[in-house]
Amino acid sequence: MEHNKPYALNLGLSIFILLAALTGVEYLIAATVASAFLLVVIALTKAGLVLYYYMHIHRLNKSDPEADRHSYAYKTGSNRFGLWLFLLSDSFVFGGLLVTRFGLLGNTRPDLNQALGLAVTTVLLVSSFFMNRAETSMEYGDRKGFLLGTSITILLGLGFLAGVVGLEWPLAIREGLTPSSGPAGAVFFMLTGMHAFHVFTGIVFLVIVFRNGLRGVYSAEKHWAVEAAAVYWHFVDVVWIFFYPALYLIGVHL
Amino acid sequence: MKKILSTGLMRGLFFQILGTLAGAGFVTLVRFGMGLKFWGWDKTTYGFTEPAWVFGGLIGVLSFLYGTRVLDDWLKWAAGKETHEEHHDPPGWIRFFGPSLDHKVIGIQYTVTSLILLSVGGLFALIFRAELAASGLQFLNPDLYNTLMSLHGIVMIVSILLGIAGVMNYLVPMMIGAADMTFPRLNAFSFWIAVPAAVLLLSSLALGGFDTGWTGYPPLSARAPLGMQMFFLGVFVAGWSSILGALNLLATVLRLRAKGMTAFRMPIFVWAAVATSIISLTATQLIGLSFQLVMFQRLFGMGFFDPAKGGNPIIFQHLFWFYSHPAVYVFVLPGLGIISELLPVFARKPLFGYKWVAMSSLGIALVGFLVWAHHMFTSGMNEYLRVPFMYSTLLVAVPTGVKFFSWVATLWGGKIETPTPMMFILAGLVVFLLGGLSGPPNATVSTDLHLHDTYFIVGHFHDTMFGGYVFPFFAAIYYWFPKATGKKLNEKLGHWHFWLMTSGMLVLTLWMMRVGLLGMRRRIADYDPALGFDPSHLIMTIAAFAIALSVLIFFVNVYLSLRKGDAATGNVWNSRSPEWQVPSPMPAHNYEKEFRVVGEPYDYGLPGSTYVQFED
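Sequence order for the protein chains is Y and D. Position one of the first sequence corresponds to residue 1 (my numbering), numbered consecutively onward. Position one of the second sequence corresponds to residue 1 (my numbering), numbered consecutively onward.
Just so you know, nobody snuck in bad clues.
Once the Cα atoms are required to be at most 25 Å apart in a straight line, the calculated DSS-like pairs of lysine-lysine come out as:
1) Y:75 / D:593
2) D:81 / Y:144
3) D:81 / Y:75
4) Y:222 / D:76
5) Y:75 / D:259
6) Y:62 / D:259
7) D:593 / D:259
8) D:415 / D:488
9) D:415 / D:355
10) D:81 / Y:222
Hints are computed from structural coordinates only; laboratory data are not their basis. Predicted model only: the values in this text are computed from it and were never measured.
The shape of chain Y in the complex, shown without the other chains (with noise of 0.2 Å):
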């Protein structure tokens, strides 16, 4: 480890201190200058972070071509490139995504509840927060942290599903914004439904860690599954740091 266990904890906090200012300031963007530039700027530099510091994706380059390739180290560096392999297939999907919600929408948005809007995107976020920490505790063998942030993470999840399937569906449909009304109804259940199903398979995954972890299968060594799903868990985040403002700030609504 390159760090003690106290620096990263904090390094974790600070991320989502600056993550949550900047998801501020892109409410307070949208609801005055309105600039699309800047939301994107904003965005890319909160997946940014993301990417660096939750899913560090340096691990990536930490590969030793003449290590022992039985070795747990190399099978996980391994597989780490499996998982990002797959990270950039399934944002394509995303991107896919994105693509028909401008082409279909422009500069038009569909009408949302804004307060439910920024009120979901803080519960992943925080459960982003808590997800590093369990990660980070358990790099350094702390089974209980792990599973104590474990759990509140999948809480949290479990909550932004109930905002989004539970909350804002049957919102939106009562105000005439339905699957089948047009093009912005279609935008807006396929996103949302979209990213919610990956936040579903997301929490899945973490139950099965939780349960593997509580029964002593991970340690600081030998973690991987935990490392996957953590990543996993942040990607499923960096998503909703697009399509959030996609959805929800950018363009005139309708």
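Since chain Y is already given, all that's left is putting chain D on it; use the hints.
Chain D alone, transformed into the frame defined by chain Y:
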């Protein structure tokens, strides 16, 4: 018999049927409970309703995977259990019918499935080709014609995807000196998910078919019969096979190369496989997404592509072609890699411009991402997009030209030997040139507006597919058959296969281009006898049957050679590639001793040069 019934394949198919019925039954019950229509017979309701069939189809695929037991190890991991690293297959042919983790077994599974689908797709072509042999409708109705034509397209595409996956799976770990792929379980999963996908695609025949062609454009596909949904679902599932296979291959090449095998000392086929996999990994998601959007439009009335609701069908075409154009490079790049791989062996000369050829594969892959809208010149998309896409398309000729010059320069002054694989390579080169040269007229807006809906296009892409895939694919089978089986394919039957196929396909595609230039439109079941195309179509039909006969000869050849072919366990072709330095067939986990790369891969004819050195 009992042995066959208990194989992974049979269990999977049994589970797929059960799963489909269970899924469809579940939706039917829910609809019954909600007071919706839940049973009936019409264009989109075959007993079960459309949502029931779609959900059932999805559950059927998952059940298939569970039934074959490819998910077993992952389920064990999820339960916190350890699994074995080493894999052992039962001896004999039975291992090909169950979930093996050996990349060589999976490679053969892919290749054989690909050949089966090739025959099915070819059979569909023969049926509607026979219908077209004379004007007037002989024995097909327009709906069935459309379905067969559409299925011919998609079955051939899936066959090609499985074919290249087979060749890449079999060869790449061997060529780079790896014991297996990086993720053997994912490898097995990628193959086995393609089987229920093929079942779904073919099931569309029984569920009303579909009349859109393999492109599935809305708005037509939004109101096609139920078969359309099975087609969409089948392609979506097959797409996952392609994506995960590509992921595995990239991870393997990145992580498991032999010592000393730097990027520019990899066999050239590996470069082609990497370029192909970059496209499959990323772009495939877009065809899956575009088809999903149409599925949801049909199921939930989501108006993405429905102009009546304010949707836009052109968006579909952009999403669709963003995959489906690069897909043709997925089809041909491995084939072109095989050409570059085998030419030096049979010309006994170094490959001319190795680095340029390696880079040209990547170049084609990257430029391939920027050309998709050339399929849409006549679609009504924004006109300002036409010229940029025309130029980006013409740019593809540059890296492709690099390959051609390398091939010609490699052949130049070589001591050329012509066993069957080399004959297929040379024919592939010529046919791909024909396909390539007939490309620019389609890429150029002014001429494409005239050619777009004609047989000229049909001739063009059949030439590129035959030259870029079919000929190199058969060359690869003739070349590596001894590696896989320890037997050599019969040369005489190979020659028959070659001459029949080459002459048949040249006549077929050149005649297609000819009638296309004269105004024969594509995708139609019938044509006006006054156009005078009857004799041309008869000639094309005969040529198509000649190609089918040649493939039949190939199957006979495989059967006879397996039973009593000449034993060939050594370095049959006098190759420098590492897999030929050890006896055939290779055991599980490939090499008994590791090797180190000490020289250039294609220094044929240079005395004293070595490529690999086995460690003691």
